[in-house]
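Trainee: The primary structure of each chain is shown beneath.
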Amino acid sequence: MDGRINIRELIMKSAGGALHRRADRIVSVFLLLAASISIITSIGIVLTLVTDAAHFFSEVSLRDFFGKNLAPLGSNPSFGVLPLIVGTLASSLLAMIVAVPVGLTAAIYMSEFAPAGLRNTLKPMMEVLAGIPTIVYGFFAYSFVTPMLMKMLPGLEAKNVLSAGLVMGVMIIPMVASLSEDAMNAVPTALREGALALGSTKLEVTLKVVVPAAISGIIASFILGISRAVGETMIVVIASGSSKKLTFDIMQSMQTMTSYIVEFTGGDAGSGTTGYYSLYAVGLLLFIFTLIMNLIAQYISKKYREAY
Amino acid sequence: MANGSGSGKYEKLAIEAPSFQKRTKRRILLDKVAGKLFSLSIFFALAVLCILLYQIVSKSIGWLDFKFLTGNLSMDPYKAGIRGVIIGSVLLMVVVIPVTLLLGVSTAIYLEEYAGKSRLRSIINTNISNLASVPSVIFGLLGLTVFGRLFNLGSSILAGGLTLSLLVLPIVVVASQEAIRAVPGFLRDASYAIGATKWTTVKKVVLPASLPGILTGSILAMSRAIGETAPLVVLGIPTLILRIPNGLLDDFTALPIQIYYWTLDTVLTAEYANLAAATIVVLLVLLFLMNSAAIIIRNKFQKRY
Amino acid sequence: MTSKANDERKSDIVYDVDNLNLWYGNDQALRDVTLDIKRNEVTAIIGPSGCGKSTFIKTLNRMVELIPIVRTSGEIYYHGNNIFEKTTRVEDLRTKVGMVFQKPNPFPKSVFENVVYGPRIHGIKSRKVLEEIAEISLKRAALWDEVKDRLHDNAYGLSGGQQQRLCIARVLAVEPEVVLMDEPTSALDPISTLKIEDLIHELKQTYTIIIVTHNMQQAGRISEKTAFFLNGEVIEYDRTEMIFSTPKDKRTEDYITGRFG
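Chains as they are written, first to last, in numbering that gives the first Met the number 0: chain A, 0 to 307; chain B, 0 to 304; chain C, 0 to 260.
Excised from the complex, chain A in its bound form (with noise of 0.2 Å):
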């Protein structure tokens, strides 16, 4: 078998295993850099936040940042965020109002209820709902949803935390419904099976079984639900306006933290001012609200995986 030499021999000349080694380890180091990016990336934000937050909290103080007036343009400008924190609590209430029973419901009737083929052509609609940017939303709140209100309740303002509440909870329906589906999927089919042949209907094996069997993922689910509604700004930019009044009527106009952070980067304030400085300040309050609630989420889906 001449063979033999022949390869062995090709293989030893080609040399290509010094350079393979060497490729290796330069891309090893590539990829280290790469995976350090998102890290980097999580540093940056928290500097920016923190440090420009620090230029606004030596001139304002914190009993003034959570007070009631919120002036940041006039001649003696005020910087008291709570009708911010109202107006987001508000919008994503709302939200939720609508999110949570819809969502949920439209969990269970995927997960226990539906046949398999109608599933199938289910969740990729509900998908489209998800894929859909937050300013098509805006729009639609604004152009439509808020004329149709206004002719059922005759006080309504053209800017109201109503609509846009009411249409961030149908952007929110997707992401509680598939959270949700997922937690009741990961319950065993077993449990199910146990309960069945015990004579119960589906509905008493969903509410019985499979819902506080999931019980922690569905609230986790309905927690990011709230971190999304409160991180989310086109639709309360366009549709609830930037009244900084404080106000708990929710057919008025409501600044969120996040339209707050939209209005004032428009070009309003200049780099330096007090005012553009609020930005970071409101920033930092609305990505530490935000992350308290993740956490929250992570820490309550961890629990509920360990149950099996």
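To be clear, the hints were calculated from the coordinates, so they are not data collected in a lab.
Note that CB positions come from ideal geometry on N, CA and C, so glycine has one too.
Accuracy of the hints is not assured; some may be wrong.
Stated by the list, open to error - Restraint ranges, calculated between C-beta atoms of paired labels, are given here:
#1 V28(A) with G61(B): 55 to 63 Å
#2 F83(C) with R148(B): 49 to 57 Å
#3 L190(A) with I66(C): 32 to 40 Å
#4 S73(B) with V28(A): 46 to 54 Å
Said to hold, decoys possible - Under the rule of at most 27 Å between Cα atoms (straight-line distance), these lysine-lysine pairs were calculated in the DSSO-like manner:
#5 K85(C) with K202(B)
#6 K124(C) with K95(C)
#7 K21(B) with K207(A)
#8 K194(C) with K138(C)
#9 K116(B) with K202(B)
#10 K122(A) with K299(B)
#11 K207(A) with K24(B)
#12 K138(C) with K102(C)
#13 K35(B) with K201(A)
Claimed, not checked - Under 8 Å between C-beta atoms, here's a sample of chain B residues computed to sit facing chain A:
#14 I41
#15 L45
#16 L48
#17 I123
#18 N129
#19 G226
#20 A272
For chain A, the structure is supplied; the task is to place chains B and C on it using the hints.
Mentor: Same frame as chain A, but now just chains B and C:
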């Protein structure tokens, strides 16, 4: 049992009692009703989707034509066209696609193939899942401070593209990680056992096998980027740009931004709503095409091993 | 490296395993394994499942290290060189020591691309040379006649037995000295198994073969030497006919007579 031939002690079973049977009937009825009610939730969501699409398409009719697609921006709604806007979005993608693919896929390869079970790996993984849920306005602030001011890129295409890249990076990383993880270990073993290095194995075995998954995830990430508005607004993209951008350092406007400004200005000029709707249709068609591509890739390459 | 590197033993002994211990985390999988493996012989490794036989041959080409929690102590000399030495490159070792796995694991590529994967990554580019290598290797793996007309079809279209012979051809294409086989026929039907056994008979003229098998008849049919593993220890290592006719250890006897595991 009905003819009484059985033993007496079974006759008193609760199941036989009329009240029990009635109850069972009620339970079954309740089950049916609940199923129907739950299905209504889905149909509510889909109905909203249909109304939304109908509203937008009907507002765009008569406005969305060849002249609109190829014309230049103008204050006059009857003359306005979105050629420059489309070019802006395309150039934005020219930045986002290579940057996110390179960084995202590299990160995923590092995490899945190189990092082992190290602490660093779990730190990066946690970090990515947290980054994925940071509101997009915050990325806007990051872009404004770092790319806009620190690197002095202002509100250029490059600044916008880099900001959006960081925003969608977690999506690409997570999708690529899943695709890489789905490559069976025995293929890697076969390669290592022939004396291949890690990188050779990744390049020749792991990446080809995971490419469809990576592409699908990346396209979905791009469709998120192309519709994203808030970070660009925060970067301070100017309201009306009448000039077509020439290079990556030029100021620009993009489809979602233009929709935003036209929607805001409907108070002044009612026809802007039609322009916004027409632009939305363009954006949605684009998204539809991208998503279809993703689904086709996913289905075409699914059956393997 | 010790004096073993340059003494005369290297002539005939391919592997010299000295006091090898191996742990997965805290579980010890190999205990003080010591044995020699001779050139151009077939050595069979037998034992009940979980006895460490697979772990052992995966250690011979250091594939076992792909599991992150593995630790080892002791030495393995390959032609007198300690394979755990820092200067030993696993890539070089694995080029010389090929491996065939339990389940056929061809790449999702054409038959041809599977065979030339090794030569390609080691830098051979000429199409003509690659075609020659493919033909030689497939012939040696007794597969050439069955696939020569569909070299460019996907390897997943082959039968299980053909896939396994393709994997053997893929290993032969880099001209190894040793071929490790980890229960190569356990996923195959009896006819395919027979073909692989015939192939092993052919291959031992040229190669040193170490084969893990759970099938004692197979060990008896194809091997010169047999090592019986139990709980990570080598209980007995001898000429195959000795192991099967007059085992020295009671546990070996129990195992091969089927009273056990």
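Trainee: Check each numbered hint against the structure and report the violated ones by number, ascending.
Mentor: No numbers; nothing is violated.
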